[in-house]
Structures are given as C-alpha cells and as structure tokens.
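Chemist: First to last, the protein sequences are chains G and A. Using this note's numbering, the final residue of the first sequence is 325, and nothing's skipped along the way. Using this note's numbering, the final residue of the second sequence is 1347, and nothing's skipped along the way.
It cannot be assumed that every hint is accurate.
[Unchecked claim] On the chain A side, residues computed to face chain G include the following (Cβ under 8 Å): (1) P1117; (2) S1155; (3) D1158; (4) G1202; (5) A1203.
[Claimed, not checked] Just a sample of chain G residues kept apart from chain A, beta carbon distances all over 12 Å, derived: (6) I4; (7) Q93; (8) R102; (9) G124; (10) D226; (11) G255.
[Said to hold, decoys possible] Covered stretches of chain G, going by a simulated chain A footprint (3 or more residues, C-beta under 8 Å): (12) 54-62; (13) 65-74; (14) 103-117; (15) 176-183.
These are computed hints drawn from the structure, not numbers from a lab. A virtual CB, placed ideally from N, CA and C, is assigned to each residue, including glycine.
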Amino acid sequence: MSEISMARALNEALDMALAGDERVVLLGEDVGATGGVFRITDGLLERHGASRVIDTPVAESGIVGAALGMAVAGLRPVAEIQFLGFSYPAFDQIVSHVGRIRNRSNHRFTAPLVIRIPYGGGIGAAEHHSESNEAIYAHTPGVKVVVPSTPADAKGLLLAAIADPDPVIFLEPIRSYRAVKEVVPEGHYTIPIGEARVARPGADVTLIAYGAMMRDVGRAADTLADEGTDAEVIDLRTLSPLDHETIVTSAAKTGRVVVVVEGHRSAGLASEVAAVVQERALYSLLAPVERVTGYDTVVPLKRSERHYLPGPDRIAAAARRALEG
Amino acid sequence: MDPLRVLSVDGRLVGEAPIDLAETRRLFAAMIAARTYDRKGSALQRQGRLATYAQFEGQEAAQIGSAATLRADDWMAGTYRDAAAMWFHGYTWDNLLLGRMGDERGGAPPAGVNVLPPSITVGAHMIHAVGLGWAERLRGSDRVALTYFGDGATSEGDFHEAMNFAAVFGTPTVFVCENNGWAISMPRSHQTSSETIAEKAGAYGMPGVLADGNDLLAMVAATREAVARARGGAGPTLIEALTYRMGPHTTTDDAARYRPGDDVEEWRTRDPIDRVRRYLEGAGAWDQGWEDDLESGAGADVEAAVERAESLASLSPDSMFDRMYARPTAVLEEQRRSLFREEGGLS
C-alpha cells in the first residue's frame, strides 16, 4: 500500500463510485478534459466517458439545479463548484430546492446528490477563492455538510456522501489537498456521516476543529504536549448534522474547550459548538469556551492572509487561557 | 411573428386540426373541470378555507392543450399557477387543495405520476426540468420533461441557465412560457424589450414557437411537435403561449390598482373555453346538457376532494422533523423532544 494525498484519495473515491454505480455522474465546470481546477477528477473523463463526466457551461445555479433534476429522476449526481466563493449563484437552488424537495413532496421526490466544493484559504489565491463560509450551508435545513481533514477520511466520507439518500455538501479543504500523504485503505469503504472522530485522546483540554484547521490544531497539541498539557483533539468531520454526543462527552471529560474555525467569527460553527457545550456540559466546564476563528472581515489577500487564518500559535494561546480559566 | 392559430376566435378552423373531435371533447371536458376547480379555489380562499390562491382562469387551453401531448410517464415541473396542467397529468385535486391548505402531503402525487410540486420561487424549476429530461436520456429512457413558467420568469437568470443547458446538451425538455401579460403588477412590455419571448429561443440555438395560448388546438399542435422532437433526441423547444391572466396575481392582490379593465373585457372575448365550444357546436359535437353534466360532475369531484382534504387527519405536530431526511438526524430528534417538552403531552 502506498501513501496518497487527499486529492488522490478523492479521485479514487470518484473513480470507484463511477465504476460501481451506473447512476453516478459528475458534472461541473472543467471537470472533464482538465480534470478540474484542482485535478480532483483527473482521468475520469477518459475512463468513464463524456456522458458520465460532464463539462458544463459556467453556471453554478444551472449545475446544481440540473443535478437536482437528475437526482429526482433517479441518478446520483456529483456536482462540482470550483470554489466556495463561487457557490453563491447556486445558493437559491441549494436552499430553496435541494434542501426542500423531500419535505415539499412529503418524501415522494428526493435529492440524493453531492455538491463538492473546495473551500478555505492558505494558498494565497485571488479574491473569492479563500472563503470559509460553510456556516451558511450548515444553517440550511435539508442538506448535510461534510468536511474531511485527511486522505483516508476524504475517501470514506465522499463514498458515504454519494451513497447517502439525502443531499450532501462536501467541502474539500484546498490547503489539505496535497499537504500530506498517508496510507489510505484500498477498495470501497465508507465513514458514517454525522459522526465526529477523536483524532487524539487527551485529558486536559479539548480542541475541536475540522478541515484544514486540523493540521494547525495538531501542531498546537504538540506544542501543548511539550508544555505538559494533554490535549484531546476532535475532528468534527460533519458540520451538519453536528455530532453533539462526541463534543459533549469530551467537554465533560476535560472541562476546557477550544473551538477552532477558519471561517468568520460571528454566528459561525465555533459559536454553535460553544452553544452546544454550554447547553449540555455547563457544570463540567472549568473555563469559558474559547473560540479561535477567522475575523468578521473579508479574507485578506495573499500579503496579509496569514494574519487572518488561525494558526498553531493562536490555538495554543487559547488553550493556555482555557487551562488558566 | 404571427402566433400559430388553428381555431379562430369564433371557433372556425383556420388550420389543420391536430386532434379529432373525440379528443377535442375530452380536452374541452378537462378545461371545464379545471375552470370549475379554479373558481371553487377562489371561493374557498374567500371563505378562509384555503391559504393564498393563484387563479389561472383564461389559461386553461395553454395548460390542457400542452399537457395533453405528454405521455403518462413524462415529467412535469410547473408553478403555482399550473394547477390545470398538473391535474391533467395526474396530480389530484386532493394534492392541489392540500397544498393550498398548507399541508405538505399535498406535494406527494400518486405513485407513477411524475409531477413535481408546484414551484413557488420563480424560474428555478426550469433547470430541474432540464436535469429530469437529461437523466432520462442518460438512463436510456425516452421520457421527456415539460416545464411551465410565466413571462416574468424569463427575466430570471435561471431562465437563461436552463435554456442554455438544455440547448447545449440537447436535453429532452419542452419549455412552455405562459405569457399571460402580467407578472403581478408588471406588464409584459416592461419585462423584456424582445418583441416576443419565443424569439429568445433563437439565441440559445433551439426552436421557438409563438402560439395562440387561448387556442386549444394550436397549443396541442405546437406542443405535440416539441414533445416529438424532444422524445426523438432532437433537443429542447421553447413555446410561447400568448394568453391572459384574467384574475389577479393571487387572492392577496387587487389587479384594479394597475390594470385597465378594458383589457380584461377584450380578452374575455377570446376565452379559450368559449372558442372550443363554438367549434364543437359547429361540428355538432356539443350541447348544453352535456356541458351542464360536465360542470356538475367536475363540481362534485372537486367538492368530494375538498371534503377529503378538510377531513384528513391532522399532521402530527412533530411531522416536520420526519420530512427533512430519509431518517431524522440525532439533532432533529433532540429538537423533537424539545417540541414535546414545550408543547407538553404530544404523541
């Protein structure tokens, strides 16, 4: 078994889904001949043909709306939007239709589709290319929101998303696509949607994150370990529905919680996790819940982006505050 | 561009009839039933028994004539004003009434009826029809998808995206624009500077047909050809049905605030049902007794549906949690328990 990147693991998952289920089709801008802007669909057009791997005109509402129609008619479409910052033209389709067709038809029509969207900063990209606005979709009823942080999770979660009977927004951390390689199980496997993972057990403080932030949290946990602090790290994996049990169990155990989110601070995922913790584990808490987040600003461009993104230092500092609290 | 017309306003054939008299009688009966339902719907709303109601009076031929060309298993994606077409294609009066009574069970047509619940947002559903037909083509089926929308919807970006996708991929989609002259208070002349909506099709690379939407036979002829093209793999068509919204936008609206009454009176002389009646009468295929029977039969059907819909057991207070996903999530189950706690003693 060789070690592969998240990009490669996602490619394997898509290849496997296309090969294993004739209802699966991919559609999006540049997903065919070029293999996608991040090459996640590389080689799939050649292997599965133009009726399964479909290059579309530049029209995000059209891509998602067509995928919804396809799903209602019995296919399992996997749509790609090139960047989270380009998903807003499809917002109405997602909120008004994808997330509602089951409800408005009382289960008669359903939308088993996946919308894959690269998200997040850290690569010094152009404006609109570094967004981490996943809270918008986690706030949307009727869709699930999944974010992998490792190559092995990426493959298992994507295969689970494609098999899911309901629509899944699958957010891929751009910075993690090729950052690390690891051994990824061969063959078909799924990782349950809606279940967080204890990435690193610990006793003193709980660090909660997802996606690209997981590497920064890991580094912060290493630093804290050097200082004698045993941090527990939780990878949410799914933002909607959020796994309250894993969050609350860890919070009750350590009594100190730091939530790390790349997105904007206000009304975001960190706020939601903090609310769940205080509702369910208030009397176990030994310190206020710390939020380490992006700011309520536009993500700065390359020259100052590093000041916006949470990093290991900010995370470790927040953990120390929680430990003192 | 002169609209395609088969029946003159006074009920004479001015073109080749696409269907025989027996089929024309069947569609006439459907238009009578639709109008009966429509008037009942408005009346029920005034009695507070329906929520907002969107009348379609005047558009019966545009809807029944086009829907009549579909095969039973074809897809239909329409709007809140397309009750006649949806009913004709298998959506029941019960479905329609429940929807207007504010009951999600209305959105689930009988098994095998491929009619999506009426779209409330304007324009987005046209793209669904593209995806529906596209999926059928990819699966090797020859089903087509027909979508209805109004003149106002052609200003939406989704009209463009749907038309463009359909043409680029040659999907089996039939676009039927019911140009009824008004988008709430906005007249067609302010909606687009194009002379016709049909001509927009040319820019997308698909045929555009302007048809007299109050002419049942013209609508049958135009849509039958478009459906045949789609089913045969020749791609989408845009049909502009020139018609008129005889009523207000919905029961929440007073059209007198923006619309001259003369227009309504003028259009009443072009009524789609009157026209077919004159035609059938001229051919010796109509009599008042038959129409009276149609009306009373439709009235009884609708009345029975109203009774069923009004006496249907209430939805369980927590049913909202069950409709979101195939299985409610743990988060929703927690919220269900919270609802029970707050409302107390629910089961």
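Chemist: Output the numbers, in ascending order, of every earlier hint that fails for this structure.
Modeler: 2, 4, 5, 7, 8, 15
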